[in-house]
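**Q** Sequence:
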Amino acid sequence: MSDQNDPFRGGLAGQKRLILAIALSVAILVVFQFVLPHPPRPAPVPVETAQTTTTAAPAATGESSTAAPATGMVGNAPVAAPREAPRLRIEGPRVSGSLSLLGARLDDLVLANYRETIEPGSPLVRLLQPIGQGKEPSYLQAGWTAEGGVKTPDNTTLWAASAPVLAPGKPVTLHWDNGAGVVFEIGLTLDENYMFGVTQTVRNTTDAAIAVKPWGLVRRDYTPHTDGYSVLHEGLIGWVDQREHDVTYSSAKSDGEKQQGTAFTGTGSGGWAGFTDKYWLAALIPDQTARTVSSFRYIASGPGVPAGGAYQADTMAAEAIAVAPQATASVSSRAFVGAKEVRLLNKYQDEGNISHLSYAVDWGWFWFITKPFFLAIDWFNGQLGNFGLAILAFTICVKGVFFPLANYSYRSMSKMKLLGPKMAAIKEQYKDDNQKQQMEIMKLYKAEKVNPASGCLPMVIQIPVFFSLYKVIFITIEMRHAPFYGWIQDLSAIDPTNVFNAFGLIPFDPTIITPWLHLGLWPLIMGVTMFFQQKMNPAPPDPVQARLFQFMPIIFTFMLARFPAGLVIYWSWNNTLTIAQQWLIMRQTRLSRPGLART
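Be aware that the sequence shown starts at 1, since it is given in this note's numbering, and climbs by one per residue.
Treat the hints with care, as some may be off.
25 Å max Cα-Cα, derived DSS-like pairs, lysine-lysine [what the hints assert, rightly or not]:
1. K431 with K399
2. K431 with K446
3. K436 with K422
Label pairs and their in silico Cβ distance ranges [what the hints assert, rightly or not]:
4. Q489 with P372: 25 to 31 Å
5. T514 with Q588: 42 to 48 Å
6. P483 with Q550: 24 to 30 Å
7. Q326 with V165: 32 to 38 Å
Honestly, the hints are just simulated from the structure, not real lab data. Heads up, the beta-carbon is just placed ideally off N, CA and C, and yes, glycines get one too.
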C-alpha cells in the first residue's frame, strides 16, 4: 500500500484531527451557551385571572384601533365604548374564561392544566386578557365588511347570546339585527380541548342582494417579551399559500412601518394564521376549501393603541359572498387557543383536515431528526410513566444504533491503551529525535491496526443527537415541568441545586456574582462520569493534548451546568453506558491479545 493510501500516514495529521474534533465540540458548547437559548427561566407572575362573571371589568375606550375596512384592514374602526358589558362564560375541561358581548371579543381565557411555575398554587397560564385588566391585552374577534352601505357589527355592538355559558356540547349563538333588514349571527362551539368553532351567518330579509366579506383576527395590544432564541420562533406565524410564514415582532414592526402597517399578506386555500409563543398558540383556521387572504400587521398608533404599538394576524374571505334577497349565507371557521401539544395538533391536523397545523411546533430545519426523537421519547414516557426514564431508555436505543461504529472506535482505543508500554519505550529510545519517534509510533499503529483518530468518533456522532435532544427538551410543552426523581422537578430547567452554596445550606445565591457560579449535582455527576470515561482512553502522545484532555471534564461540567437537567441526565447516562461498553471491550481485547501490552 502506498503512503498516499496509508490511513496512518503522518502522525501529526492524526493528532491535528483529534485536536480539531475536540475544539469543534468545545466550540459547539460555547455556541449553545452564548448564542442558543438557555433553559427557560420562570415566567413572570401574570396579572390576576379575570373573573368569568356576567359583567366585565372596566375597559378602555377605543378598544379596537384597526383602520376602517376601506383601507384594506380587517377589523372595526375605533369608537368609544361603554366601560362595562355583559359577558358569555366559557367553561371547558381545559379552558375557562369569558367572551365580551360588546363587540363579540374572546378576550379572557385561562388554561386549566398549566401553571406558570412548578410551585404549588402558582397562577394558571393566561393566554387572552381583556383591555384594561393587565399589561398584556389580547383577544380574538370575528366580523364582516359589506358593500353598498350595509351596516355591520362593530365594537359598540351589543350582541344577544342564546345561552349564558359556552361549554363542550353546549353551543351558543350570538345574534344582532342591524335594524335595516339584515341579521348577523355568530355560532360558537367548544370541544374538550382548545378548539373553538365559529359559524358566521348573514340573514338578508331585504328585497335587494347584499355582498359581505367575513373576517377574523387575533390581536395583541402589547409587544410580547422574547429572548431572541435562534432555535425558536416566537411571533406571528401561519401556513398560507402552501408555505409556512414566520414573522418576528421586530420584523413585523419594521416591515409594517415601511408598508403602511402590513408586514405580510398572502392568499390561498387552507392553512391558518396567528401568534405563537414557546409553548402556546392562538390561531385562526378559516374554511380549508375557501380562498382566504391572510395578513400580519403592525399598528403603530391610533385610539387605544399602546405606546409600543399593537400586532395583528387576520384572515378574510378573498371574494365577497353574495346574499340574495330573503336568503341566508354562512361561513364556518375555527380558532385554536391553547397549548402546542404535539399529538393534539397532529390529531387536529389529520382529523380536521387543517393544513400543516403541526408546524406550529418549531421542529427546526432538522425536523426529520428532532420530531422522531420526540415521538420516541414520548412513547417511552407512555410506557414508563416518566420523561426522565424515557430519556434513559431512549439513550440505550441511540447507543444500540451507533453500537457498530462506537465498538470499532472503542476497540481501537483499547488497543492504543494497551500499547502504552511499547509507545513509552519508543519515546525513550528516540527521545532526541521527534521525527523518528513519530515514524516508529505510526509503524506500531499500523502493525497493530490501530487508528489514532478513532477516539473522535464517539464524540462526533453524539453532536446531532445532542442538538436534536436539546431542541426536543427545549421546545415541547410535554417536557415543560416534567419531573424526574429527587430534586429534579422540571427536566426542561437547570438543576436547581448548587455546590457553591452547599446545595442550599448556605442562604446565598452565588449567581448574583456570575451565572457561571451555578453548578448542580447532576452536572457534577456528568463531570465525574466524563472523568472516568477519559481515564479509560489512552492518553494523547502530545503533552499539550494530554493537558487539554485533563481539563475537558471540568470545562464540560461548567458548561452543561446551565443546560436543561434532562440533557445533563442524558449525557451522564450516555457516559455511564460508554464506560461499561469500553470496559467490556478492553477486557475482551486483553483476553484475545494477552501479549499486546508486553514490552
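**Q** Give me the numbers of the hints this structure contradicts, sorted from smallest to largest.
**A** Hints 1, 6 are the ones this structure does not satisfy, whereas the remaining hints hold.
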